[in-house]
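Enquirer: The sequence shown: position 4 = 4 (the working numbering), numbered continuously.
For the record, the hints were derived by calculation from the structure and aren't laboratory data. Glycine included, C-beta positions come from ideal geometry on N, C-alpha and C. It is possible that part of the hints are untrue.
What the hints assert, rightly or not - Quick list of in silico lysine to any residue cross-link-like pairs, SDA-like style, CA-CA up to 25 Å:
{"no.": "1", "residue 1": "Lys184", "residue 2": "Asp43"}
{"no.": "2", "residue 1": "Lys49", "residue 2": "Leu69"}
{"no.": "3", "residue 1": "Lys155", "residue 2": "Ala65"}
{"no.": "4", "residue 1": "Lys155", "residue 2": "Asp83"}
{"no.": "5", "residue 1": "Lys49", "residue 2": "Val181"}
{"no.": "6", "residue 1": "Lys184", "residue 2": "Ala168"}
{"no.": "7", "residue 1": "Lys49", "residue 2": "Gly116"}
{"no.": "8", "residue 1": "Lys184", "residue 2": "Ala119"}
{"no.": "9", "residue 1": "Lys49", "residue 2": "Asn98"}
{"no.": "10", "residue 1": "Lys155", "residue 2": "Ala168"}
{"no.": "11", "residue 1": "Lys49", "residue 2": "Thr177"}
{"no.": "12", "residue 1": "Lys49", "residue 2": "Ala128"}
{"no.": "13", "residue 1": "Lys155", "residue 2": "Ser141"}
{"no.": "14", "residue 1": "Lys184", "residue 2": "Ser120"}
{"no.": "15", "residue 1": "Lys49", "residue 2": "Ile28"}
{"no.": "16", "residue 1": "Lys184", "residue 2": "Met48"}
{"no.": "17", "residue 1": "Lys155", "residue 2": "Arg145"}
{"no.": "18", "residue 1": "Lys155", "residue 2": "Lys49"}
{"no.": "19", "residue 1": "Lys184", "residue 2": "Val171"}
{"no.": "20", "residue 1": "Lys184", "residue 2": "Trp117"}
{"no.": "21", "residue 1": "Lys184", "residue 2": "Ala61"}
{"no.": "22", "residue 1": "Lys184", "residue 2": "Ala128"}
{"no.": "23", "residue 1": "Lys155", "residue 2": "Gly75"}
{"no.": "24", "residue 1": "Lys184", "residue 2": "His90"}
{"no.": "25", "residue 1": "Lys184", "residue 2": "Gly116"}
{"no.": "26", "residue 1": "Lys184", "residue 2": "Asp46"}
{"no.": "27", "residue 1": "Lys155", "residue 2": "Val34"}
Stated by the list, open to error - Listed next, with one range per pair, are the computed distances between beta-carbon atoms:
{"no.": "28", "residue 1": "Lys49", "residue 2": "Lys155", "range": "38 to 46 Å"}
{"no.": "29", "residue 1": "Trp122", "residue 2": "Pro41", "range": "24 to 32 Å"}
{"no.": "30", "residue 1": "Asp46", "residue 2": "Arg94", "range": "26 to 34 Å"}
{"no.": "31", "residue 1": "Ser158", "residue 2": "Ala135", "range": "38 to 46 Å"}
{"no.": "32", "residue 1": "Trp47", "residue 2": "Leu132", "range": "22 to 30 Å"}
{"no.": "33", "residue 1": "Arg21", "residue 2": "Phe186", "range": "34 to 42 Å"}
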Amino acid sequence: MTDGAGPRRGELASPSRRVLRAVIGLLIPVAAAVGLILLVPIDLYDWMKAAHLVTVTAWVAGMLALPPLFALHVGAGPGPVADMLGLIEHRLIRHLVNPAMVATWGFGGWLVWEGGWIASGWFHGKLALVILLSAVHGSVSAETRRLARPGGLEKARSRRGFYMVLNAVGVSSGVGTVILVIVKPF
Numbered sequence: 001m002t003d004g005a006g007p008r009r010g011e012l013a014s015p016s017r018r019v020l021r022a023v024i025g026l027l028i029p030v031a032a033a034v035g036l037i038l039l040v041p042i043d044l045y046d047w048m049k050a051a052h053l054v055t056v057t058a059w060v061a062g063m064l065a066l067p068p069l070f071a072l073h074v075g076a077g078p079g080p081v082a083d084m085l086g087l088i089e090h091r092l093i094r095h096l097v098n099p100a101m102v103a104t105w106g107f108g109g110w111l112v113w114e115g116g117w118i119a120s121g122w123f124h125g126k127l128a129l130v131i132l133l134s135a136v137h138g139s140v141s142a143e144t145r146r147l148a149r150p151g152g153l154e155k156a157r158s159r160r161g162f163y164m165v166l167n168a169v170g171v172s173s174g175v176g177t178v179i180l181v182i183v184k185p186f
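Please construct the entire structure, taking both the sequences and the accompanying hints into account.
Expert: Below you can see the structure in the form of structure tokens.
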């Protein structure tokens, strides 16, 4: 850190700063959901459902794109191609995946509240899968930062299988969520 404005790309933030970022990251979706519950009238339920589906699609698409990018990044080795892939990963997570996750949780919270789904069994299954998807999101975000660190590329060579697991868990969670929402088996 040279100017005290925070870590540069690839540098580790202090533990207190990481905790603060995590707390803020958890509070933003909660605040978005509460704000939407208080401000949006019930007759907009279908519009909110559409917005939720759009943000879910963006969130999942970004998370499913990143693990293959990680594999390409690691396979490229050090150089301009790896630098370009790192920039793409950083921008994808920062400008698409993170905002889409926050909006997804916000719209979803509003839909749960207004739809009265909180006591439904299928919703509990969906919530568990969405929490799992959020954990995948955290892993993808962490891997983006790891690869950006000096020496991160060399250390990542052994994690190619991990990228396949991230993709499989993301796809499975997305498919399971869709089935639970559409079929409502319990």
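Enquirer: Next step is simple, just say for each hint if it's right about the structure.
Expert: Hints, verified against the model:
1. Lys184 - Asp43: Holds, because 23 Å separates the two Cα atoms, which is no more than 25 Å.
2. Lys49 - Leu69: violated, 30 Å
3. Lys155 - Ala65: holds, 21 Å
4. Lys155 - Asp83: Within the cut-off at roughly 16 Å; holds.
5. Lys49 - Val181: holds, 12 Å
6. Lys184 - Ala168: holds, 23 Å
7. Lys49 - Gly116: Given that 25 Å is the threshold and the Cα spacing comes to 14 Å, the pair holds.
8. Lys184 - Ala119: holds, 13 Å
9. Lys49 - Asn98: holds, 19 Å
10. Lys155 - Ala168: Holds: Lys155 and Ala168 sit about 22 Å apart, inside 25 Å.
11. Lys49 - Thr177: Between Lys49 and Thr177 the Cα gap is close to 15 Å, so the pair holds against 25 Å.
12. Lys49 - Ala128: holds, 19 Å
13. Lys155 - Ser141: Holds. Lys155 to Ser141 sits at ~16 Å (cutoff 25 Å).
14. Lys184 - Ser120: Roughly 9 Å between the alpha carbons, so the hint for Lys184 and Ser120 holds.
15. Lys49 - Ile28: holds, 19 Å
16. Lys184 - Met48: Holds. Lys184 to Met48 sits at ~20 Å (cutoff 25 Å).
17. Lys155 - Arg145: holds, 13 Å
18. Lys155 - Lys49: violated, 42 Å
19. Lys184 - Val171: With a Cα-Cα distance of about 19 Å, the restraint between Lys184 and Val171 holds, given a limit of 25 Å.
20. Lys184 - Trp117: holds, 11 Å
21. Lys184 - Ala61: This hinted pair holds, its Cα atoms lying about 24 Å apart.
22. Lys184 - Ala128: holds, 14 Å
23. Lys155 - Gly75: holds, 12 Å
24. Lys184 - His90: Measuring from Cα to Cα gives roughly 36 Å; hence the hint is violated.
25. Lys184 - Gly116: Within the cut-off at roughly 14 Å; holds.
26. Lys184 - Asp46: OK: Lys184 and Asp46 at ~18 Å, within 25 Å.
27. Lys155 - Val34: Between Lys155 and Val34 the Cα gap is close to 41 Å, so the pair fails against 25 Å, i.e. violated.
28. Lys49 - Lys155: 38 to 46 Å: holds, 43 Å
29. Trp122 - Pro41: 24 to 32 Å: Distance hint for Trp122, Pro41 holds at roughly 26 Å.
30. Asp46 - Arg94: 26 to 34 Å: holds, 31 Å
31. Ser158 - Ala135: 38 to 46 Å: Violated: the Cβ-Cβ distance is about 21 Å, outside 38 to 46 Å.
32. Trp47 - Leu132: 22 to 30 Å: Holds, at about 28 Å.
33. Arg21 - Phe186: 34 to 42 Å: For Phe186 against Arg21, whose Cβ atoms are near 37 Å apart, the range 34 to 42 Å holds.
Hint compliance for this structure: hints 2, 18, 24, 27 and 31 are broken, all remaining hints hold.
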